[in-house]
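Reminder that position 262 of the first sequence reads as 266 in my numbering, one-by-one numbering, no gaps.
Hint data in this document are derived by calculation from the structure and do not stem from the laboratory. You may find that some hints are simply not true.
[As the list claims (entries may be wrong)] Derived lysine-lysine pairs resembling DSSO-like cross-links, with alpha carbons at most 30 Å apart: (1) Lys201 x Lys223; (2) Lys358 x Lys377; (3) Lys388 x Lys424; (4) Lys400 x Lys424; (5) Lys377 x Lys388; (6) Lys390 x Lys377; (7) Lys424 x Lys377; (8) Lys424 x Lys390; (9) Lys400 x Lys390; (10) Lys400 x Lys388; (11) Lys424 x Lys358; (12) Lys125 x Lys223; (13) Lys358 x Lys390; (14) Lys400 x Lys224; (15) Lys358 x Lys388; (16) Lys224 x Lys210; (17) Lys224 x Lys201; (18) Lys400 x Lys358; (19) Lys400 x Lys377; (20) Lys210 x Lys223.
[Claimed, not checked] Here are the in silico distance ranges between beta carbons for each label pair: (21) Thr408 x Ala51: 47 to 57 Å; (22) Pro11 x Asp179: 49 to 59 Å; (23) Glu351 x Val420: 19 to 29 Å; (24) Val53 x Pro335: 26 to 36 Å; (25) Ser12 x Asp179: 45 to 55 Å; (26) Glu278 x Lys390: 31 to 41 Å; (27) Arg281 x Arg202: 46 to 56 Å; (28) Lys377 x Ser12: 56 to 66 Å.
Just so you know, even glycine gets a beta-carbon here, dropped at the ideal spot from N, CA and C.
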Amino acid sequence: MSERKKPSTDPYKGVRDFYPQDQFVQRYLFEHMERVCELFGYEEYNASVLEPAELYRSKTSEEIINEQTYTFTDRGDREVTLRPEMTPTFARMVAARIREIPMPSRWYSIANFFRYDRTQKGRLREFWQLNADIVGAAGIEADAEVIALSHAIMRAMGAEERDFEVRVSDRRILDAIYNNVGLSLEMHAVVTRLLDKRAKVDDIEKLLAEAIDHPTTAKKLLAELERTTSTAYLENLRGQLELMGVHNMVVDTQTTRGFDYYTGMVFELFDTHEDNRRSLAGGGRYDNLLSMFSSGGASISPGGGGSIPAVGFAMGDVTARDFLEAHDLLPEYVPATELMICVVEPECLTHAQKLAQDLRREDVAAAINFSGKRIGDQIRQADKMKVPFIIAIGSKERLEGRYTIKNLASGDERTVSADKIADHLFSSLG
RNA sequence: GUGGUCGUAGCUUAAUUGGUAAAGCUCCGGUUUGUGGUACCGGCGAUCUGUGGGUUCGAGUCCCAUCGACCACCCCA
5 MSERKKPSTD PYKGVRDFYP QDQFVQRYLF EHMERVCELF GYEEYNASVL EPAELYRSKT
65 SEEIINEQTY TFTDRGDREV TLRPEMTPTF ARMVAARIRE IPMPSRWYSI ANFFRYDRTQ
125 KGRLREFWQL NADIVGAAGI EADAEVIALS HAIMRAMGAE ERDFEVRVSD RRILDAIYNN
185 VGLSLEMHAV VTRLLDKRAK VDDIEKLLAE AIDHPTTAKK LLAELERTTS TAYLENLRGQ
245 LELMGVHNMV VDTQTTRGFD YYTGMVFELF DTHEDNRRSL AGGGRYDNLL SMFSSGGASI
305 SPGGGGSIPA VGFAMGDVTA RDFLEAHDLL PEYVPATELM ICVVEPECLT HAQKLAQDLR
365 REDVAAAINF SGKRIGDQIR QADKMKVPFI IAIGSKERLE GRYTIKNLAS GDERTVSADK
425 IADHLFSSLG
């Protein structure tokens with residue numbers, strides 16, 4: 005006998021097990037996301053969780069690749085990464101078939117992602133995310149549409165507009181200010197990174213002045229930023245959103261999103277609940293990302309410059325779940341099983357099996373309890389599983405062909421013939 | 001990657017200044033061998049307090065390490 009240690013029942017660090025009650029919530033989230041995306045005309049796509057590591061090297065920073073992804077070498081000496089986000093995959097897939105994909109195209113996907121990170125509330129090592137993007141549409145109406153889509157998903161899950169806000173900004177605001185104050189191109193990224201922290205830093209002006217080595221420029225820059233409360237573009241966007249029934253947009257120039265690849269509008273859905281102040285979804289416009297791929301290569305931009313406009317967002321399951329919990333919007337668990345057929349005597353098992361098969365053909369989700377336990381125990385178990393209906397089958401039912409359907413929540417009973425069971429269940433289940 | 005809090009039965013927790021682990025829930029059985037949820041009664045359940053080591057006559061309680069959870073920071077795709 006080997007002394008091998010028995011494996012632990014704990015899941016791997018930072019990942020979750022989804023027991024039926026958990027998976028029920030997961031499915032609730034996904035079904036609403038899918039339904040609303042499809043109402044907006046988005047088509048579902050997917051890809052493998054494995055990607056060549058080089059996909060993330062070009063556009064994402066080295067630190068993220070080296071320290072925050074699961075990257076390993078396979079047996080064929082290839083560098084593989086478990087995808088940490090969908091956008092590069094989406095860009096890769098679109099670029100691969102750029103000539104045949106009609107533009108604009110709307111795609112969505114719900115998939116799992118992996119990040120090798122220290123875990124924290126709302127941040128695990130594996131999470132699921134909806135990604136919805138429009139590619140081949142450069143106009144403001146596409147920006148408005150993806151925001152409206154994210155908003156509609158929240159509303160579909162029961163959120164009111166006061167439960168969250170749509171924070172919108174525009175990467176071009178900073179670019180314009182940089183030009184106005186005459187900031188050199190190479191300083192843009194450095195300054196942007198500093199400005200991103202301005203809410204947390206004590207003396208941003210001093211830091212800026214040190215970074216760009218020019219105190220008056222730093223002062224002018226901050227003054228311009230202070231003055232910029234919105235732009236004509238963002239107000240136009242607000243107008244379009246209002247027409248689509250989105251009334252909780254706020255301009256927030258501090259919303260920048262971490263990614264370098266955004267080129268225009270950026271937005272976040274932000275929870276307004278005091279205990280759950282966090283970003284629920286985020287996205288923006290990224291018009292240059294697809295041009296990094298060599299294949300395809302056809303230009304669809306009017307100017308022929310080779311850039312392909314795209315705009316989209318992502319919404320994660322962990323934060324969505326926290327949101328629903330904070331706002332008391334989590335759905336109550338309902339099992340897949342609609343009817344439990346309890347077998348009173350062993351001789352009745354075949355009769356129960358036949359009845360179950362007949363009911364399944366009529367679209368009733370029916371399970372048989374063939375434990376041989378007493379009827380009371382079988383009912384108790386069905387009740388514990390929250391199965392809504394039971395039928396007990398003993399010699400009486402077997403001989404008469406009539407069955408008593410019991411509603412476990414109300415205690416109501418109704419005796420019907422076999423061909424009426426499905427109708428009764430569906431009318432009761434609504 | 002940095003700092004902090006925590007880790008006791010399946011779950012949630014208790015254990016006076018270090019003195020040889022307690023309760024509720026769950027589960028199982030019974031009152032009630034063709035109908036559950038309530039109530040009452042009874043029972044199983046930690047070979048021991050995440051793991052390894054140390055201090056001590058003695059450690060769940062102190063020290064070190066390690067793993068894990070959580071919180072803040074960092075980062076945020």
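For each hint, the structure was consulted:
1. Lys201 x Lys223: OK: Lys201 and Lys223 at ~17 Å, within 30 Å.
2. Lys358 x Lys377: This hinted pair holds, its Cα atoms lying about 20 Å apart.
3. Lys388 x Lys424: holds, 26 Å
4. Lys400 x Lys424: holds, 18 Å
5. Lys377 x Lys388: holds, 15 Å
6. Lys390 x Lys377: Cα-Cα ~18 Å, so holds.
7. Lys424 x Lys377: Status holds; Cα separation ~27 Å.
8. Lys424 x Lys390: holds, 23 Å
9. Lys400 x Lys390: Judged against 30 Å, a Cα distance of about 26 Å means the pair holds.
10. Lys400 x Lys388: holds, 26 Å
11. Lys424 x Lys358: holds, 15 Å
12. Lys125 x Lys223: Violated, at roughly 37 Å.
13. Lys358 x Lys390: Holds. Lys358 to Lys390 sits at ~24 Å (cutoff 30 Å).
14. Lys400 x Lys224: Violated, at about 90 Å.
15. Lys358 x Lys388: holds, 25 Å
16. Lys224 x Lys210: At roughly 13 Å apart (the allowed maximum being 30 Å), Lys210 and Lys224 satisfy the hint.
17. Lys224 x Lys201: Satisfied, since the Cα-Cα distance of roughly 18 Å is no more than 30 Å.
18. Lys400 x Lys358: Given pair Lys400, Lys358 holds - Cα atoms ~16 Å apart, limit 30 Å.
19. Lys400 x Lys377: holds, 18 Å
20. Lys210 x Lys223: Holds: Lys210 and Lys223 sit about 9 Å apart, inside 30 Å.
21. Thr408 x Ala51: 47 to 57 Å: holds, 51 Å
22. Pro11 x Asp179: 49 to 59 Å: holds, 54 Å
23. Glu351 x Val420: 19 to 29 Å: At roughly 23 Å between Cβ atoms, Val420 and Glu351 fall inside 19 to 29 Å, so the hint holds.
24. Val53 x Pro335: 26 to 36 Å: Holds - the Cβ-Cβ distance for Val53 and Pro335, about 27 Å, lies within 26 to 36 Å.
25. Ser12 x Asp179: 45 to 55 Å: holds, 52 Å
26. Glu278 x Lys390: 31 to 41 Å: About 32 Å separates the Cβ atoms of Glu278 and Lys390, which means 31 to 41 Å holds.
27. Arg281 x Arg202: 46 to 56 Å: Once the Cβ atoms are compared, 18 Å apart, the range 46 to 56 Å for Arg202 and Arg281 is violated.
28. Lys377 x Ser12: 56 to 66 Å: violated, 32 Å
This entry does not satisfy hints 12, 14, 27 and 28, going by the numbered hints stated previously.
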